[in-house]
Amino acid sequence: NAGVTQTPKFRILKIGQSMTLQCAQDMNHNYMYWYRQDPGMGLKLIYYSVGAGITDKGEVPNGYNVSRSTTEDFPLRLELAAPSQTSVYFCATLAGGSSYEQYFGPGTRLTVT
Amino acid sequence: AQSVTQLGSHVSVSEGALVLLRCNYSSSVPPYLFWYVQYPNQGLQLLLKYTSAATLVKGINGFEAEFKKSETSFHLTKPSAHMSDAAEYFCAVSAPGGKLIFGQGTELSVKP
Chain A
1 NAGVTQTPKF RILKIGQSMT LQCAQDMNHN YMYWYRQDPG MGLKLIYYSV GAGITDKGEV
61 PNGYNVSRST TEDFPLRLEL AAPSQTSVYF CATLAGGSSY EQYFGPGTRL TVT
Chain B
1001 AQSVTQLGSH VSVSEGALVL LRCNYSSSVP PYLFWYVQYP NQGLQLLLKY TSAATLVKGI
1061 NGFEAEFKKS ETSFHLTKPS AHMSDAAEYF CAVSAPGGKL IFGQGTELSV KP
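Chains A and B are the protein sequences, given in the same order.
Note that our numbering numbers the first sequence so that position 56 is 56, with each residue one more than the last.
To convert, count from 1 in the second sequence and add 1000; that's our numbering.
This list has only true hints and no planted wrong ones.
DSSO-like cross-link-like pairs, simulated, lysine-lysine; straight-line CA separation at most 30 Å:
| id | chain 1 | residue 1 | chain 2 | residue 2 |
| --- | --- | --- | --- | --- |
| 1 | A | Lys44 | B | Lys1049 |
| 2 | A | Lys14 | A | Lys44 |
| 3 | B | Lys1069 | A | Lys44 |
| 4 | A | Lys9 | A | Lys44 |
| 5 | B | Lys1069 | B | Lys1058 |
| 6 | B | Lys1111 | B | Lys1058 |
| 7 | A | Lys57 | B | Lys1049 |
| 8 | A | Lys57 | A | Lys14 |
| 9 | B | Lys1049 | B | Lys1111 |
| 10 | B | Lys1049 | A | Lys9 |
| 11 | A | Lys57 | A | Lys9 |
| 12 | A | Lys44 | A | Lys57 |
| 13 | A | Lys44 | B | Lys1058 |
| 14 | B | Lys1069 | B | Lys1049 |
| 15 | B | Lys1049 | B | Lys1068 |
| 16 | B | Lys1068 | A | Lys44 |
| 17 | B | Lys1068 | B | Lys1058 |
Which chain A residues face chain B? A few, computed with CB under 8 Å, are given here:
| id | residue |
| --- | --- |
| 18 | Gly40 |
| 19 | Gly42 |
| 20 | Leu45 |
| 21 | Leu94 |
| 22 | Gly96 |
| 23 | Tyr100 |
| 24 | Gln102 |
| 25 | Phe104 |
| 26 | Gly105 |
| 27 | Pro106 |
| 28 | Gly107 |
Calculated Cβ distances over 10 Å to all of chain A for the following chain B residues:
| id | residue |
| --- | --- |
| 29 | Val1019 |
| 30 | Arg1022 |
| 31 | Tyr1025 |
| 32 | Ser1026 |
| 33 | Val1029 |
| 34 | Lys1058 |
| 35 | Phe1063 |
| 36 | Lys1069 |
| 37 | Glu1071 |
| 38 | Thr1077 |
| 39 | Met1083 |
| 40 | Ser1109 |
Simulated from the structure, these hints should not be mistaken for lab results.
Because the structure is a prediction, the values reported are computed rather than measured.
The beta-carbon is built from N, C-alpha and C at its ideal position, and this holds for glycine as well.
Start from the sequences, fold in the hints, and give me the full structure.
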C-alpha cells in the first residue's frame, strides 16, 4: 500500500496563477483533510471531506477550493495564488469508526512569488 | 471549542537527559489527544494517542504521555533522549468530523 500520496513535492507559482495539489489514498478511508503548515503556527485545517461528494470548510478556506468525486482522491485547488499561500500543504486521511488516527502524506512545498 | 497550547517553541536537551514537552488543551467534550512527530522535510507520524482508556499512554520510540484531566494537560516525556529524537513535535486534540486542532509545535534539539 502506498498510503497517502501527494503531488507535486515542490512548486513555485507566480502571483495570480492557479494550480491543483493532488492527494490520493489507497486505504479506502472515508475522511480526508487538507492542512497548511506555516512556521511557528502548527497545522491549520483548510477543507475536509467525510466521504465522496461531501466537503466542508475548515479554519482557513479562503483562496482554496476542493472536490471529492471518488473515495481515493481529494484535490485542492488554488485560484489566483497570493504570497500568503506560500506554505507546506499536507493531506491526511482517517478511517473513521473508533480509529481516530490520521495518516499524513509527505507534503507539497509551495512558494508564491 | 477545542484548542491546544504547547509551552515552549524550542526545547534543547543533552543526549541521555529527560525529554519533557508540554501540552495543555481546552475542550468542551471529553477529548481525544494526540502527539505527532515531524522529521525534517517529512510528513507527520503518530507517536501516541489518548482515547479515554488508560491515562498513561505509551507510544513509539520510548515516548509516553499522561492525560491529567484536572490540569487539562497531556505532556510528552521520554526518560533518555537520543540524537535521533531531534524533530518537531505537535500536540493535537480531536474535533467533530475527525478534525484535529494542532498546537504550534515544539522543536526538540538534542545535544551530544
